[in-house]
Amino acid sequence: MSIKQDNRHLYLQVIDRLKKDIEEGIYKEKEKLPSEFELAKQLGVSRATLREALRILEEENVIIRRHGVGTFVHSKPLFTSGIEQLISVTDMIVNAGMEPSTIFLSSAVMQATEEDARRLACEPDAELMVIERVRTANGVPVVYCIDKIPKVLFPGQFDAGQESLFTLFDEQAAHPVSHAVANIEPYGWHEKVSPILDCEPETALLALKQLHYTENDVPVLYSVNYFRADKFSFHVLRRRM
Numbered sequence: 066m067s068i069k070q071d072n073r074h075l076y077l078q079v080i081d082r083l084k085k086d087i088e089e090g091i092y093k094e095k096e097k098l099p100s101e102f103e104l105a106k107q108l109g110v111s112r113a114t115l116r117e118a119l120r121i122l123e124e125e126n127v128i129i130r131r132h133g134v135g136t137f138v139h140s141k142p143l144f145t146s147g148i149e150q151l152i153s154v155t156d157m158i159v160n161a162g163m164e165p166s167t168i169f170l171s172s173a174v175m176q177a178t179e180e181d182a183r184r185l186a187c188e189p190d191a192e193l194m195v196i197e198r199v200r201t202a203n204g205v206p207v208v209y210c211i212d213k214i215p216k217v218l219f220p221g222q223f224d225a226g227q228e229s230l231f232t233l234f235d236e237q238a239a240h241p242v243s244h245a246v247a248n249i250e251p252y253g254w255h256e257k258v259s260p261i262l263d264c265e266p267e268t269a270l271l272a273l274k275q276l277h278y279t280e281n282d283v284p285v286l287y288s289v290n291y292f293r294a295d296k297f298s299f300h301v302l303r304r305r306m
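If you read the sequence shown in this note's numbering, its first letter stands for residue 66, the second for the next number, and so on.
Any given hint could turn out to be false.
[As the list claims (entries may be wrong)] Distance condition first, Cα-Cα at most 30 Å in a straight line; then the derived BS3-like pairs of lysine-lysine:
#1 Lys213 to Lys257
#2 Lys84 to Lys97
#3 Lys216 to Lys141
#4 Lys85 to Lys95
#5 Lys216 to Lys257
#6 Lys141 to Lys93
#7 Lys84 to Lys95
#8 Lys274 to Lys97
#9 Lys274 to Lys257
#10 Lys95 to Lys106
#11 Lys97 to Lys85
#12 Lys85 to Lys141
#13 Lys141 to Lys106
#14 Lys141 to Lys97
#15 Lys141 to Lys84
[What the hints assert, rightly or not] Each pair of labels, with its calculated beta carbon distance range:
#16 Thr232 to Thr145: 46 to 54 Å
#17 Ile261 to Ala239: 29 to 37 Å
#18 Arg73 to Thr178: 19 to 27 Å
What the hints contain is simulated information worked out from the structure, not anything from laboratory work.
Built from N, CA and C at the ideal position, the CB exists for glycine as well.
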């Protein structure tokens, strides 16, 4: 069926048509689309017009193109969160109606590096608790986490079995986490993390690097969380000043 039904640029019509077909389930998640030749013929447009539409759809993460294999419908994120709101990974998973769980990879006391000491305002030879975990949703690995906490903050027994470190601070530390400064960095294939999260070769990662503070602006936790970009979507509310 031809899409030439309005006066907009044809590639915009192709984008809308393909999005509608995906929403209506004509093309399902992870399903391979017809070849460019077949799809252009079905839509009644040139291959150049189709390629421009596919390029934009790929930028919007609606589709994904695998070189030498074909074009596929991208998976929709399972979790969305406003990055301006500081919530735990546990709460993100619970809010999506899924069951959170944790796979502990390691937990050890290590000496702070110079960078650690600078971030956490501690002595260069201070001891840090370093926790390496994988967070799962309904048993599926979705986030790889590395957390560093000055050991002096927990002079008693440290419960590394907590699902949420925020809960751990609320219950066992002198002061809870109040706020954080975050940086987001995109990654393609990560040699260590991608296999742990069962990523396909084209699955991207979003690294959320956060330094957490108490209400008195004392740094108490540095975390690096690698989120599967096909499972998580972050947004920011921006206002005019």
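Hint by hint, here is what the structure shows:
Pair hint lysine 213 plus lysine 257 holds up; C-alpha atoms about 19 Å apart against a cutoff of 30 Å. Our distance criterion of 30 Å between C-alpha atoms is met by lysine 84 and lysine 97, whose separation comes to about 14 Å. Restraint check for lysine 216 and lysine 141: the C-alpha separation of about 39 Å exceeds 30 Å, so the hint is violated. The suggested pairing of lysine 85 with lysine 95 holds, with an alpha-carbon distance near 16 Å, which does not exceed 30 Å.
Restraint check for lysine 216 and lysine 257: the C-alpha separation of about 26 Å stays at or below 30 Å, so the hint holds. The hinted pair formed by lysine 141 and lysine 93 meets the criterion: a straight-line CA distance of about 11 Å does not exceed 30 Å. Distance restraint check for lysine 84 and lysine 95: the Cα-Cα separation of roughly 14 Å lies within the 30 Å cut-off, and the hinted pair is therefore satisfied. Of the pairs offered as hints, the one joining lysine 274 and lysine 97 is violated, with about 34 Å between alpha carbons and a cut-off of 30 Å exceeded.
Restraint check for lysine 274 and lysine 257: the C-alpha separation of about 17 Å stays at or below 30 Å, so the hint holds. Of the pairs offered as hints, the one joining lysine 95 and lysine 106 holds, with about 22 Å between alpha carbons and a cut-off of 30 Å not exceeded. For the hint pairing lysine 97 with lysine 85, the CA-to-CA distance comes to about 16 Å; that is within 30 Å, so the pair holds. Using a Cα cut-off of 30 Å, the hinted pair lysine 85 and lysine 141 holds, with the two alpha carbons roughly 14 Å apart.
Restraint check for lysine 141 and lysine 106: satisfied, since their Cα atoms lie roughly 27 Å apart, inside the 30 Å limit. With a C-alpha separation of about 15 Å, the suggested pairing of lysine 141 with lysine 97 holds against the 30 Å cut-off. Of the supplied pair hints, the one linking lysine 141 and lysine 84 holds, its CA atoms being roughly 12 Å apart against a limit of 30 Å. As the Cβ distance of threonine 232 to threonine 145 is approximately 22 Å, the hint placing it in 46 to 54 Å is violated.
Roughly 33 Å separates the CB atoms of isoleucine 261 and alanine 239, a value that falls within the hinted 29 to 37 Å. At roughly 55 Å, the beta carbons of arginine 73 and threonine 178 sit outside the given window of 19 to 27 Å.
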